[in-house]
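Enquirer: Protein chains in written order, with my numbering: chain A, 182 to 710; chain B, 91 to 295; chain C, 5 to 533.
Keep in mind that a hint or two might mislead.
For lysine-lysine, the following BS3-like pairs were computed, each having C-alpha atoms within a straight-line distance of at most 27 Å [claimed, not checked]:
1) A:K390 with A:K349
2) C:K158 with B:K173
3) A:K210 with A:K293
4) C:K169 with B:K173
5) A:K293 with A:K349
6) C:K169 with C:K158
To be clear about the criterion: a stretch of chain C counts as covered by chain B if any three or more of its residues have a C-beta under 8 Å from a C-beta of chain B, and this derived list gives those stretches [claimed, not checked]:
7) 158-171
8) 360-371
Away from chain B, derived, C-beta distances all over 12 Å, residues of chain C [stated by the list, open to error]:
9) A61
10) I63
11) D67
12) A142
13) Q469
14) S498
Calculated directly from the structure, the hints in this document are not laboratory data. Where is the CB? At the ideal position from N, CA and C, for every residue including glycine.
This is what each chain is made of:
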Amino acid sequence: MELAQFPWLTVTIFLPITAALFIPFIPDKDGKTLRWYALIVGLIDFVLLVAAFYLGYDFNDSGLQLVESYTWVPQLDLKWSVGADGLSMPLILLTGFISTLAILASWPVTLKPRLFYFLILAMYSGQLGVFAVQDMLLFFFMWELELIPVYLLLSIWGGKKRLYAATKFILYTAGGSLFILVAALAMAFYGDVVSFDMSTLAAKDYTVKFQLFMYAAFLVAYAVKLPIFPLHTWLPDAHGEATAPVHMLLAGILLKMGGYAIIRMNLGMLPDAHAVFAPILVIFGIINIIYAALTSFAQRNLKRKIAYSSISHMGFVIIGIASFTNLGLSGAVLQMVSHGLIGASLFFLVGATYDRTHTLVLNEMGGVGKKMPKIFAMFTTCSMASLALPGMSGFVAELMVFVGFATSDAYSFTFKLIAVMLMAVGVILTPIYLLTMLREIFYGPENQELIEHEALIDAEPREVFIIACLLIPIIGFGLYPKMLTQIYDTTTISLTDNLRSRAFASTEELQPLAFLPHLQAPELPITAD
Amino acid sequence: MTLAEGVQLVLFGLLAALVIGTALGVVLLSNIVYSAFLLGGVFLSISGLYVLLNAGFVAAAQILIYVGAVNVLILFGIMLVNKSQPFTPVRRGWIRLIATGGVCLGLFALLSTMILGTSWQLSTETPVGDGATVLIGMHFFSDFLLPFELASVLLLMALVGAIILARREFVPDEPPTDAISDALKLPERPRELVPAGREGSESPE
Amino acid sequence: MDFTNLASQLNAGIILPEGIVVATLLVVLVGDLIAGRASTRWTPYATMAGLSLAIVALIYQWDTATPLSFLGSFMGDDLSIVFRGIIVLSAIATVPMSIRYIEQSGTSLAEFLVIMMTATLGGMFLSGANDLVTIFVALETLSISSYLLTGYMKRDPRSNEAALKYLLIGAASSAIFLYGMSLLYGLSGGKMKLLEISQSFVAADSDAPIGIIVALVFVIAGIAFKIAAVPFHQWTPDVYEGSPTPVVAFLSVGSKTAGFALAIRLLVAVFPVVSEQWHFVFTALAILSMVLGNVVALAQTSMKRLLAYSSIAQAGFLMIGLVVGTEAGYSSMIFYLLIYLFMNLGGFTCVILFSLRTGTDQISEYSGLYQKDPLLTLCLSICLLSLGGIPPLAGFFGKLYIFWAGWQAGAYGLVLVGLVTSVISIYYYIRVVKMMVVKEPQEMSDAISNYPEVRWDLPGLRPLQVSLILAVVATSLAGILSNPLFTLANNSVSHTPLLQAAIDQQQAPKAVVPPVATIAPAVTSVAQR
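Could you put together the complete structure from these sequences and hints?
Expert: What follows is the structure, encoded as structure tokens:
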């Protein structure tokens, strides 16, 4: 098959960045050529990704597909090695989708457009790279590649406190990524074979103690990105200051890098350590859900509110990862994709609202629903998706995580009971703050000052189109989740099987929750099956 | 102990005392002209030590170069800069003196321990004595040819450099009203108006 | 002594590159004498041509069968060829920077070039010097030329101050170095050649080589002064600030490279007996340099001082390769030097261009440069980000190789310090980038508001532009297409008998290190950070 041999992933990774290099030479008098150029590049790349998915990808194969491997720097054992399995494929597609929509969403950007589109396209490449690479050093390379574009996108086009937010972002991320390199070096030089190839690293036989250290290092790095409490503090700042398109990328894709990397590395390569860390992850997941939901409740700034809701949703990803069941893990992946879509749509709408009201403070809004019925409708729909209304993808994902965790045989019943109850509290908090937010923006008496001073025009067709594009998969996955889960099911099943066989067979002495004896209640007759 | 050895011992003691004494004088005297002359004394005594070691050529070179050139240059420098500045005593200067003395004594102790504690490999060759000039010439044109030739480049460049520093530049005569001329200066503005020689305030050291 | 026989033994062809430099030097000097001021038109190009010819000659000497020349005074092995090549390249790159700079300051160009070529010559001889006398004469040639260059702007009190400081501290360190060499001479029983000295040490076989250690300490003091390692760095910021900027560029690359060449040759050849001790000393120097250089750089307001401290820190990274002492270690050091050449000289070219146009080098004056001069902004950003180790620029690969080699050899502590400090370094490099790119038009500094029209047709600016673009292209691509450089660095190490012997000797007594036991404390120290 010639089509199968076509270097799909390499081409799709390099296309945006190569196209970006031509941006300085494109004549752009009225500022319109450039955005069309970027949009077309993004679209072509997305089409290529979809083509790769249809022509070269097989759902039933749990291994790596579309594999390409070329030696890059033999002295460092650095290989250009890309490939996609069930875990990366949905996220790669999501990246193409959200990035293209983000370019479409950046129509109103007029400040330094050349730099803006250059950075957006560079980011496009970097994000695809993170999900596609199969070599640890290359992964680190791609991970760091993200740094400067995001930094500049935040610091030039952001809100008032953008410099602070951008600096905080870069220090957190650079500090975190240091752990990736350390762990990668330690794992690569472990044993006799020096290799950075992910599958080779996964096959190495590490001691449990070593695994624990590596797990902790990776966890710190990815907890910054995901984010996991208490390493989340950069996120509200960064998200609070970014403009809508950047925001879509941050919430839609960047956060998923953390979740993806935890599944790929912590679960895939260090299964023994996962058995020890999983309960801690659950606890952190719960803290994420409840703490972020409560904090979101108290925010008066619209963007920060939604940013905290993102953190809260990421808690489900963590719990799904720690559930030791296929259902839970599957739910975690679904939650990542689903939140990518929902988060992007919400942040886009916040941006659209801000374009009209020019304020993000809830107290200064109110009653704009009459003037902007379309935005009102879209905002409501997306909020419903975010609060996990049945029929939308968020509901399915959270339900899968719930059921997966509740049926997990890795935890004692009491622990599960408490955890599920707390998670439920989080789920109840979500509609409260989201609906309050809606009420404060759109309902109630009209804010006279706002009505008089700002031109509150309703959504234009471009905006409706973007939201429609995002809502179709949200509702589609909500009604028929198999559409998405079938892509990655084989991979997550094999991953969970490996995890379970290692966690329950080999480390008898590492009984889960052994270090939390007071939670180890006597087994009740109603055990989870 | 033969007579020759005795004389050598006595002479060594004398010269060593002279070296140390004059060197202390250089450091401790406050009049700079005295210091400069005493420095000449140090150089002379050291050349005496060379003579004792049977190294006549080095001794002569020492006198010619250090006393004849370096020391005279220093004296010229001092005399030409005919500017007497009142010496203001540094506050708590004695702390610095004590610290310097301590460091010097420590270094001396260290080096003497090292010198006494090391088994030096003594060369078995007999000293050439007055034939040294010939031998040095031979070395210059055989195994030390490269450094010898390189030194010529070094000297050429030192000459060029000295001329550059000393010559009058062909700067167009600026009108006297123009106080600040950019000629022969760095294009960058100074950081702030502090007199040269003071650290900038933001420098943390 | 038989002089006819001697001529054939000299093998003088080895120093052909140096001969070419001397010839060029004389041509420029005499040509300037005859032609007067009119010579400014051709002398820089003659200099560059002559130096390039020297590079060609160096290339032809690669892997020469009989590297030893001048009866053992000079060693033309591949290691020295690489170092000599780097020094000549840095001189070539300095010439175009200085044309306009020197012209604008009203000093004469030919003498500047002559002194710089002499410094280059000193550095080249230092890289291959194989006996104590040659080492010292070469070192002094380099140093005295550097003092002269530093004080070249003789009407400027800052330049005078810098020259005097440099001279005094340099002379003191030379004296200490010389004292150390005299101890070596005495300890070895009157030997001059480096290998003979070490052989006599081995033959003497004394248990407590206190004499050797004192000699080592003194020698290291001299070397550390040249490479500006903390705590022998005090001269660096003041000298860098007061010197003409092209001189700083040369000092920070050429002079530093020569210092490293001296360090490798002298320490590896003479001190295998006390190899543990000098490794320990250099570990301390490396840690101090990395920490202090990077931390103090955070507080700088002047660009030249910032680059001064950054160069101290970079020397710290380079020392990791030296301390590690494996084949990969030496190669990584050479590789990093090659890359450092491009990025640092590129950075200095930008700083010179900026100060020529605005007359200042304050970091705050850079704010808003993007609006007025995008090309300069781009170039300076790329060079600084590369110095900070951001992918995909060359500096990332350089640092990666050093850390890779360090981890491979088990120098976990050093690698961790290097990683943490390089995260710190990102902060101050990006501060400058932020100044230039992020600032709004209304935040523009005075220098930028009065920025002259960008024109390249002034005399001397064209070569500056060409060299700038070459340096930036090299910085951007040397990482991605780094294979030739990697091969060059590796070959230069593997083809050098001196280093091979040292590597074998180092590996022989070392047992296989159990990885977990050594990694575990390293990782704990990460966790504590």
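Enquirer: Against the earlier hints, flag every one the structure doesn't satisfy and list their numbers going up.
Expert: Structure breaks hints 1 and 12.
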